[in-house]
Structure formats: C-alpha cells, structure tokens
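There are 2 protein chains.
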Amino acid sequence: MKIVECVPNFSEGRRSDVVEKILDAIRNVEGIKVLDSSSDASHNRTVVTFVGAPEGVKEAAFRAAEKAAELIDMEQHQGEHPRIGATDVLPLIPVSGVSMDECVELARQLGQEIGEKLAIPIYLYEEAAVCPERKNLAHVRKGEYEGLQEAISQPERHPDFGPARMHPTAGATAVGARPPLVAYNINLGTSDLTVAKAIAKTIRGSSGGYPSIKALGMLIKETNTAQVTINVCNYHQVSLARVFETVKSEAARYGVNVTGSEIVGLVPMDALLDVAAYYLRLEGFKPDQVLEVVVGR
Amino acid sequence: MKIVECVPNFSEGRRSDVVEKILDAIRNVEGIKVLDSSSDASHNRTVVTFVGAPEGVKEAAFRAAEKAAELIDMEQHQGEHPRIGATDVLPLIPVSGVSMDECVELARQLGQEIGEKLAIPIYLYEEAAVCPERKNLAHVRKGEYEGLQEAISQPERHPDFGPARMHPTAGATAVGARPPLVAYNINLGTSDLTVAKAIAKTIRGSSGGYPSIKALGMLIKETNTAQVTINVCNYHQVSLARVFETVKSEAARYGVNVTGSEIVGLVPMDALLDVAAYYLRLEGFKPDQVLEVVVGR
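Just so you know, the protein sequences line up as chains A and B, in that order. The numbering of the first sequence is the working numbering, which starts it at 1 and goes up by one. The numbering of the second sequence is the working numbering, which starts it at 1001 and goes up by one.
Bear in mind the hints are in silico, worked out from the structure with no lab data behind them. Incorrect hints may have been included.
Calculated pairs, DSS-like style, for lysine-lysine (alpha carbon to alpha carbon, straight line, at most 25 angstroms) [what the hints assert, rightly or not]:
no.	chain 1	residue 1	chain 2	residue 2
1	B	K1286	A	K248
2	A	K286	B	K1248
3	A	K2	B	K1033
4	A	K2	B	K1286
5	B	K1033	A	K286
6	A	K33	B	K1002
This structure is a prediction, so every number in the text was calculated from the model and none was measured.
Just chain A, with the same shape it has in the complex (with noise of 0.2 angstroms):
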C-alpha cells in the first residue's frame, strides 16, 4: 500500500467555517483520511493532517490550494508566525511504500500544477528543492509575504512554478518533500531538569549531535521526572533504538535511569520494524514478511 502525508500550513486560524471548508475540499477527495487538523488563533494558522495514495494526496493538496486561494486573502492576514501565503507551506511526506524521490516527483509535479492552473508563485523547498539555498525554508520565506511582494521580481527569489509576481490574494506556496517525523520523548529516573537539559544538548544536531535531532531538556510537572523531548526528523537516518541507546548511556553517566519512552501521536510502522530488527539483530528481514504488509497490497 503507498501512502504519502501532507502537512499543509494555511494562514487562517481564526475563521473556523473557512478552516471547516478547506477540510472538506480534502476529505473530499477519494481515499483521502484526515488524520489531524488544529488551528492557532495567535499564529492565525491551521496545520492539516492528512494521507491517502500518491495521487489522491496530490489532488487533495491541489483543491486545498485553490480553496485557500479562495477563502483567504493575505492583505488582510496577520500572525505571529512566518508566512508567504494563504496556503504557505505544502510538505509531502513518504510514509509507506513511497520513496523519497517519488515524493520529491509528486511535490515538483504539484508545484507545477498550483503555480499553472492557480498563477500562485510556487517556491520547491527541502527535498524537492532545485536551488540548494532553497532547501532552506527560512530562505524561502525571507521577507515574508509583504518583503517577498518585491523581492519575488528579482532573478535570484524567482519562483520554481507559476509567475513571478504574487497572487493578489494568496501569495506565494512552498511546496517541498521531507521525511516523516517522529516525536518521540525519554522519560529519565531523576526530577533534575539540568541532566536532561545536558542529554538533549548531547543528541541534538544544533549543538553537534545528531544532525536530524532536535531535542529539549524538560522538568514533567505532574510526575516530577526530568525528560528529554525529541523530535527524530529523519528515522531513516538516526533510528528510534539509536537514540533510545545514546540516552541511555549519556543518562548512565550521570547515574541515572532511562526509565521509559513515549510516542507521541502517529509513527510509520517503518520505524518500529527498525527497532526490532536493531535490538534483534535481524539479518535479511525485509518489511514485506510483515503479514498486513502483504495483505494490503
């Protein structure tokens, strides 16, 4: 079964009927599941979760767009967070059966798509980033939608699709490809905050671990446990089991106990079977011996 994730980002996060009516633009699209969908008034924002079969998911993205494109208008948007357009970042994700570069096919594909049929600027970020500075997406959004207004004239912040000037009420879209993400926290047998604080800094690539790590140092209020809050940006990269272990000899150090873990939300089974076949050192294993795995073909 091939299933690919959106997380698109809409820059409305305070009209719930206009936020109800880009869901249904999704979930109308066959085979389509929305898995997730919250809205920020602050951030003014509205992240959607959702996966169905390579074509599906472009077609949904595609009408989410163009519901966006509608509903919203960026001369009236104002919110905390960084934003180019009233659908502002557009993610695909291989979760199952799907490679990397299918994505990054399928992302340029709907890219195209939006900035032709739309006239919205389309900016290809991350994995399917054709300019290298552009697999930034904080190079993308420099300026943000009013800076970009300008800026998007000038040869170098071009866009990849469509014209190169702003949709009179949309903006611009970056449309990308990534890995999933698993946000995954360890749970340690102490209440001291500078242990985790010490682990996190350790693992995450921003202090020279683990380039795909981002993590943070917490104090659980309810429990009085000290924990180590883990975003695994690339299981493929750095697995789940390495970093369970890295903890866990880091806390040793300090004398203290892993003395659990938590999987926050959804995981692709993918990163678990690598678990298994880490700490079972399985030799051949290959995910189609897993029975559902075969049945849903």
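Starting from the known structure of chain A, fit chain B onto it as the hints suggest.
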C-alpha cells in the same frame, strides 16, 4: 483492517490438479489472498495459507472443504501424516484487528456450517474446543481416519457438529482457532552444536521452558554455525524479545555471542511492535498510533 489467517491441511499431496481446484475455490472468494501452498508427496498432504477479512475467510474455508469432499476419497488415501479427513485440519488465526474470541466464534460458525451443510463430522480443537481434552489435536485425531470410523459412535468421540458418522469420502474435520506462529531462528557465534542444543532445551516447553515455545539446536552447514531454531507459538505469551534475551543470556553462560537472528516467512506486525515497545520501554503505546494501521482502517 481485520485480518484472519487460515491454514487448512488437505489429505492430497500428489495430484496437483486436485490441489489446484481446491486453491481455485479459495481464490475465487473476493478479498482472499493465498499466501502459500506446499504439497508433500510422502505425507500425501497439502498445507495452504490464506488471509482475508473474517467473513471472507469463513466463506473460502467452507468452499475449500466442499471442494475437498468432492475430489478426495479418504478410502483411497495413504500417507505418513496423521489425518482424519479430506480437509484434515482447519485452524483460524487472528492476525490483525481481530481478537482470539472472535476467531473462536468464527471457527464454531464455520464448523457448524460444514457439519450441517456438508454432513461432515466436525471436532472443535485448540482455542475453539468445547471439551478440554479436544484442545489437543492429537486427542481429536486418535485412531486416525480408519480408527475414528468405529470410535465416532462412542458418546465421548461424538463430533461437536454434523452427524455422528464419518462422511463416506471426506471423513471428519478438525476446526480450530490458534494464535499466529512465528518461525524464528537465532544464530550463535560458535560451531558447537551442543551449545545450540542445550539452549534449545532450556527454552522449549517440552523440557520445562516456555510452554508456547518449540526449539531445536541445528548446525548450519553453509556457515558452520550453530543455530537455535524456534517456533514461537504464542508471541502474546512469550514475545520475540523475551526469546531473544533468554537465548542471549543462556549463550553467555557458554561464553558464546548471539550473532543475529532471522524471521522465516511472514510475521504479524504486532509481534514486531511488541519488540520495539519492549526495548524502547514504551509507555502507553497503542498499535493504532501506527500510521499504516490508521490509514488501513
């Protein structure tokens, strides 16, 4: 997605045209996938593995039993393996989204249908057994086809469904429910077969180990390494992780490392999620956090 597996054994392993017709009866039921079929000439027996939704599996099992009754004559059957009928055993196995209780109920419905519509005496066995002694398949098959012809008239050998006399050609059938079995091998860093044999003895139920584990010590000639060859007959009772850890610690007693392990053939996703949850010490994890599970529903 509800998935039930069925592994019927038919008393025909020589005439491939007969086997093919039985397979067709199964395949023709919508939504059913035949995963494997293997015939053994000396046993004169064929083991088929198929999967699908509960109702479809029941339908396919019934049609297979009907076809086997039509094409196999137990009066003519000879073979080394113990058997009581054309469709000798018909176990139903809960694989995904289905409880053992549901499988037991399905097996009883299937048994009643075959018993009443095809006039084949049905014995419910393993988890589906109504009388405790029939949990044991060996007890049900005591005397085999030939012996059961007389014994069936004794009240304690009366079938659970169908007439208390053998079907003139199809004999009798044992219909049951059991947990999925995982074929699992653990490789040792030694060529000393006695170590593998000693470990196998420690973990298997028949010599005082885990009741749901069967195990043997083997020497793999290609690599000249000793292997513990295991059937994990109920991974809910004893997970692959526990089997692996037990073998690892037993091996350490002999100064031997576990170099790796292999899953042979198919494995339910649950069995590997359990392994991930065990090693990551996952708290509050549920299989419906797996994206593929949510999407497949």
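Given pair status - K1248/B, K286/A, alpha carbons within 25 angstroms
holds, 23 angstroms
Is K33/A within 25 angstroms of K1002/B, Cα to Cα?
holds, 18 angstroms
Measure nothing beyond the straight line between the CA atoms of K2/A and K1033/B; if it is 25 angstroms or shorter, mark the hint as holding.
With Cα atoms ~18 angstroms apart, K2/A and K1033/B stay inside 25 angstroms; holds.
Are the Cα positions of K2/A and K1286/B separated by 25 angstroms at most?
The given pair, whose Cα atoms are some 22 angstroms apart, holds under the 25 angstroms limit.
Verify the proposed pairing of K1286/B with K248/A, using a straight-line Cα cut of 25 angstroms.
Distance of about 23 angstroms is within 25 angstroms: holds.
Regarding the pair K1033/B and K286/A, is the alpha-carbon distance no greater than 25 angstroms?
holds, 20 angstroms
Against the hints set out earlier in the document, no violation occurs for any number.
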